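Chemist: Each chain, letter by letter, is given below.
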Amino acid sequence: MARISGRYILKRSVYAVITILAVSCINFAIPRIMPGNPILYFANPHIITSSAALEALKERFGLDKSVWVQFVLYFTNLLSWPPNFGVSYLFYPTPVFTVILQSLPWTLFLVGVSTLITALIGILVGIWTGSKPGSKADTFVISLSMILWTMPFFWLGIILLWIFGLWAHLFPIAGAATRGFSADNPLTLVDLPDILWHAFLPMMTLIIAAYAGYSLIMRNTMVNELSQDYILMARAKGLKEWTVLFRHAARNAMLPMITLIGLNLGYVVSGALLVEIVFSYPGIGYLTYRAVLAHDFPLLQGLFFILSITVVAANYVADLAYAFFDPRIKF
Amino acid sequence: MQTIEASKLEASSSRHSSILQLFTQHKRAQVGFGIIITFTLLAIAAPIVSRYSPYAFPAPGRPYMPPGKDFLLGTDYLGEDVLSEIIYGARVSMLVGIIVAILSTGFGTIIGVLAGYYGKAVDEGLMRATDIVLILPPLPLMIILAAYLGPSLETVIFVLTVTTWPLVARVVRSQTLSLKERPFTDSERVAGASDFRIITKLLLPNLASIIAANAVLMVTTAIVGEASLDFIGLGDITVVSWGTMLYWAQSYAIFNGAWWWVLAPGVCIVLVGLGFVLISVSIEDAFNPRLRSL
Amino acid sequence: MIPQTLLNATVRAESPLVEVKHLSVTYRTRAGYSKAVDDISFTINKGEALGLAGESGCGKTTAALSIIRLLSSNAHTEGEILFNGKNILSMNQAAVRDLRWKQISLIPQGSMNSLDPVIPIGNQIIEAIVTHKRIPKKQAWELTNELLSSVAIHPSRAKNYPHEFSGGMKQRATIAMALALNPLLVIADEPTTALDVVVQKQLLALLKGLQRKMGISFLFITHDLSVISEIADRIAIMYAGKIVEIGTKEAVLRRPSHPYAEALVNSVPRVFGERRILDSIPGNPPSGIWPSGCRFHPRCKYAFDLCKEKEPELTKSKTDAQAACHLISQGN
Chain D
1 MARISGRYIL
11 KRSVYAVITI
21 LAVSCINFAI
31 PRIMPGNPIL
41 YFANPHIITS
51 SAALEALKER
61 FGLDKSVWVQ
71 FVLYFTNLLS
81 WPPNFGVSYL
91 FYPTPVFTVI
101 LQSLPWTLFL
111 VGVSTLITAL
121 IGILVGIWTG
131 SKPGSKADTF
141 VISLSMILWT
151 MPFFWLGIIL
161 LWIFGLWAHL
171 FPIAGAATRG
181 FSADNPLTLV
191 DLPDILWHAF
201 LPMMTLIIAA
211 YAGYSLIMRN
221 TMVNELSQDY
231 ILMARAKGLK
241 EWTVLFRHAA
251 RNAMLPMITL
261 IGLNLGYVVS
271 GALLVEIVFS
281 YPGIGYLTYR
291 AVLAHDFPLL
301 QGLFFILSIT
311 VVAANYVADL
321 AYAFFDPRIK
331 F
Chain B
1 MQTIEASKLE
11 ASSSRHSSIL
21 QLFTQHKRAQ
31 VGFGIIITFT
41 LLAIAAPIVS
51 RYSPYAFPAP
61 GRPYMPPGKD
71 FLLGTDYLGE
81 DVLSEIIYGA
91 RVSMLVGIIV
101 AILSTGFGTI
111 IGVLAGYYGK
121 AVDEGLMRAT
131 DIVLILPPLP
141 LMIILAAYLG
151 PSLETVIFVL
161 TVTTWPLVAR
171 VVRSQTLSLK
181 ERPFTDSERV
191 AGASDFRIIT
201 KLLLPNLASI
211 IAANAVLMVT
221 TAIVGEASLD
231 FIGLGDITVV
241 SWGTMLYWAQ
251 SYAIFNGAWW
261 WVLAPGVCIV
271 LVGLGFVLIS
281 VSIEDAFNPR
291 LRSL
Chain F
1 MIPQTLLNAT
11 VRAESPLVEV
21 KHLSVTYRTR
31 AGYSKAVDDI
41 SFTINKGEAL
51 GLAGESGCGK
61 TTAALSIIRL
71 LSSNAHTEGE
81 ILFNGKNILS
91 MNQAAVRDLR
101 WKQISLIPQG
111 SMNSLDPVIP
121 IGNQIIEAIV
131 THKRIPKKQA
141 WELTNELLSS
151 VAIHPSRAKN
161 YPHEFSGGMK
171 QRATIAMALA
181 LNPLLVIADE
191 PTTALDVVVQ
201 KQLLALLKGL
211 QRKMGISFLF
221 ITHDLSVISE
231 IADRIAIMYA
241 GKIVEIGTKE
251 AVLRRPSHPY
261 AEALVNSVPR
271 VFGERRILDS
281 IPGNPPSGIW
291 PSGCRFHPRC
301 KYAFDLCKEK
311 EPELTKSKTD
321 AQAACHLISQ
331 GN
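Chains as they are written, first to last, in our numbering: chain D, 1 to 331; chain B, 1 to 294; chain F, 1 to 332.
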C-alpha cells in the first residue's frame, strides 16, 4: 500500500469543493431560470391563493430583492448548520433538511451494501470468465449482462416484488422495517434481521441490475491483466493458480474497478431511486417520488443538492482509495 | 462506452465494404437488425397492424382480461387492448430514443471535437463544464429539471439529452486527442488546410465508427431513461408509450393480478434495447477486431 | 581445486540435462490451427548455454515456454521433453509447479511488465523463494538482499516498486530472482532486447559470470546474433517452426551450413574490416501457411527444384553441425 502524497489529497479536495460549489450554483439557478412565477416554487399555490399573501411570501423569501442579494442569502442559508433549504410542503412545517436526514441513511445503506456486493461479484465472475475468454461460460455471462443492462431497474424490481413478495410471500413488499423508529424507540442491533429481510429484495434488484454495468468492463479488465507478462512470471515461479489469480491479477484489476465504481455511482444511485419507489423503501428515492407528486419544490431542491453532494463525496473517497492502492500514483 | 484506435485510415470504399460485411457475416448484427426492423415496421404500420386503437373510447374489452383470443396480450385497467398499446407505444418510445440519441450525440460530438482539437483553454473550460454534469447522478438531475418544466414529451427529450451528452463529449474528445497526435494531421496543417477542413474531412470520418457505435447504444439508454421518467410520472401520461404503460401498471396491475400488462412493455424495452446493443457491438467489432474475445 | 569449467567439461560426458524430442506445438485459434513449433529436437548439456535464434514468429519463445509448460490453454503440445530423464510433458500439475523455479527458472522478455506493479520488488523475490523453500521470513530477506547485491542493486531498494527502477535495474532484479533457488536451467527469453547497448553488455557479462560461477545451464533466446555470440556455447537456428541448423558456436557463426544461417550471419554489420553493402534476406518469414517443401525456399538464393517439393531433414554437415538443407544432403 502506498503513502498518498499530501499534494494529491489537496488537489482532489479542491476539485471536490469546486464541484460542490458548482452544484450549489446550479441549484440556485434552476428555479430562477425556469419558466413561470418563481414564487410558486417556494410556496404552494394550492394553499395560498390571495395575491397579498403571495406578495408577502415573495418578500419573505427575498424574491423581491436583486439576484445578488438572493445569491448571498442562499449561500448563507446553505452554509449555516443545519443547512436551511426551507420548509417542506409535504411535511409542513418540518424543515427540508430534517426530512431528508431521516431518509438518507436508508438509501446509503441500500446503495452502500449493494455496491460492495456487486463489486465483489464483479471481481469473482470477472476472474472466472476472464481466465477463459471465449468459453461457453464467458459467452453466457456476457449475453446475460447485455440483457440485464437493457432491463429497466424498476421493471426488474416489479417482477421480483411480484414473484417473491406477493406470490411466494417470501419477503415483505414495502418498507424498511416492521416497526417504526423514533427518538424514544431507536433502531437497535436486534432489529438487524428484520431490516435485512426488508432490504433483501430491493438490494437484490439493485445488485442484479448494477452488475450488468460492471461485468463487461470487469471481464475485459481481467482478460487484459491475465495477458500481462507478470502473470506469466507468477506462473513460472510455480505459484498455485489460485495465488496467481487473486494475489496478482485481481489485485491489479481492482484499480480500474475502483474507478469504475466511482464513475458508475450516479447510475447506481439513480437505480436505487427507482427501486425504492417500487418497494416503497423509505429512502431518498421514495421521498423524491412523493415530492414530485406533491410539487414540493423546496424538498426537491434540497434532495437534489444532498444527493449530488453524496455522489461527489463518494467519488472523492474513491479517488483517495485508488491512490492508496496504486503505488504508481504520485503527484 | 466504447473506444477504438483509428490506427488505419481506410479509403472510404474499403469502409463501405466492411460495413456490408458487417451485415452479412455477423450473426449479432443480423439478430439486432432483425429486431429493430421488426419493431420499426410495427410502429410505422401501427394503424394497419393493430386491431384496436389504444385510445379507443369506449374501451374494446373489460378491464384486466388475461391474454386470450380477442386480446392477445390481455387488457389494461380501462379495458384497452395491451397489444395495441404496445404497438402504438413503440412509436413513442423508439422515436424518443432515436431523437435523444441524435441530439445528444450531435451536441456531444461537437463539444468533444472542439475540446480535443483546440485544446488548452477551450479544452479546460469545456471539460470542466462537462465533468460537472457528468458527476451529477442522472436521475435526480432529470427529476428536478422535469419537475420545473412540467411533464411532457418535450421535457423528457430535453432532460434525457442534457444528461447524456457529456459522456459522448468525453469519449469523442479522447479519440480526437489521439487522432490529433498522428502525423497526418500535422502534415495537413502544414499544407495549409483550414481547421474546418481538417475537422470535417479528416477527423470526423475516422471518428465515425465510434460515434455510430455510441449513438446506437445511446438509443437504448434513452428508451430506458424515458421509461424511468414516465414511471415516476414526469412524462406525458396521456400519451401511450411503454413507459407510461408501466406507470399505470405499477399502480393497478399488481393487485389485480394483471401480470401481462407489466410483462409486455418491459419485455419490449429489453428486446429493442438488446437489438440496438447488438448493432452497436457489431459496429465496434467490425472496426476493432482486437476487442473480439479470443 | 579443480576449476568449475573442467568439472563441467567432464560432466558433459554424462546424459544431457534437457532432451527435447520431436516437440510440436499447435495453437487453436479462431482462424484455425497454427503449428508454431514443428517437430524439433535438441539437447542442453549440464553447464552449457544453448542459444536459440531466429526471426520473430519462428516459434522460439513457444519452444522455450513449453519446457516449463507455460503455454496458453489453447496450445496443444506433442513430443517429449526430458529433464534429468523425466518427461515434463507427462507430469501432473503439482509436479510441474514444484519443478518451476526450483530447477528451471525464467528470465522473460523485457522486464517492463514482468514484475507485478503493485508489489515491492523484494516481496516478489521472497515470494519465489518461499513458495519452494520452507525457511523463516528473516532468512528469506537475507537471501534476497544477498541476491540483489550480487547483481549490483543496493538491498535498501528492495522496498521499491517496479516503476521506481530503471529498465536495466528491473532486468537485473529479475536475473537475481531467477537465480534465487540455484536452478539447474535458466530460460532467458530475449532478456536484453528492450535495453540499450551499454546496459546490454553489462547484463550479458553478468549472466556469463554467473553462469561460469554457478555452472547453470542456459537456454538463451534471441533474434540478435551478436548477443548470442557473446553467451552461447552451442547455437540452434529456427525458421518457421523448425530447427534449420544446430551446432557449436564456431561452426554456426563462422561457417554456417544452412543458407538461412549464412544469410543471418552476413546481415550483421561489422564494425571493423572493409566496408561492404549490407546483405539482407528478401521477403518476410511465413506465418501460419508454410511454403511447400523447404520452408525457406522462397527466400533462399540457392534454391533449386527439389527444395520446392521435399522438406529437408537435419543431416550432419562438414562442420559437424546439423543442418536441414538439400545442399548438404547432396554433399555440398
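Quick caveat, the hints were computed from the structure, so don't treat them as lab data. Computed from a prediction, not measured in an experiment: that's the story for all the values here. Quick reminder that beta carbons are idealized off the backbone N, C-alpha and C, glycines included. Treat the hints with care, since some could be wrong.
With a straight-line Cα cutoff of 25 Å, these simulated DSS-like cross-link-like pairs (lysine-lysine) come out [to be verified]: (1) F/K35 x D/K240; (2) D/K132 x B/K120; (3) F/K316 x D/K132; (4) D/K136 x B/K27; (5) F/K35 x D/K132; (6) F/K138 x D/K132; (7) D/K11 x B/K27; (8) F/K102 x D/K240.
Chain D is faced by these chain F residues, among others (derived, beta-carbon under 7 Å) [said to hold, decoys possible]: (9) R100; (10) W101; (11) L106; (12) P108; (13) N113; (14) S114; (15) D116; (16) V118; (17) I135; (18) P136; (19) Y161; (20) H163; (21) S166; (22) V268; (23) R270.
Chemist: Hint by hint, say whether it matches the structure.
Modeler: We went through each hint and held it up to the structure:
1. F/K35 x D/K240: violated (29 Å)
2. D/K132 x B/K120: violated (43 Å)
3. F/K316 x D/K132: It is violated: about 45 Å lies between the C-alpha atoms, which goes past 25 Å.
4. D/K136 x B/K27: holds (17 Å)
5. F/K35 x D/K132: The given pair, whose Cα atoms are some 21 Å apart, holds under the 25 Å limit.
6. F/K138 x D/K132: Violated, at about 38 Å.
7. D/K11 x B/K27: Violated - the C-alpha atoms of B/K27 and D/K11 are around 48 Å apart, more than 25 Å.
8. F/K102 x D/K240: Roughly 14 Å between the alpha carbons, so the hint for F/K102 and D/K240 holds.
9. R100: holds (4 Å)
10. W101: Because about 5 Å separates F/W101 from the closest Cβ in chain D, which is inside the 7 Å limit, the hint holds.
11. L106: holds (4 Å)
12. P108: holds (6 Å)
13. N113: holds (4 Å)
14. S114: F/S114 check passes; min Cβ-Cβ to chain D is 4 Å, inside 7 Å.
15. D116: holds (5 Å)
16. V118: holds (6 Å)
17. I135: Given a least distance of 16 Å, the restraint on F/I135 is violated.
18. P136: Check failed: Cβ of F/P136 comes no nearer than 19 Å to chain D, outside 7 Å.
19. Y161: holds (5 Å)
20. H163: holds (5 Å)
21. S166: violated (15 Å)
22. V268: The hint is violated - F/V268 has no Cβ within 7 Å of chain D, the shortest such distance being about 28 Å.
23. R270: It is violated, given that the least Cβ distance between F/R270 and chain D is near 34 Å, above 7 Å.
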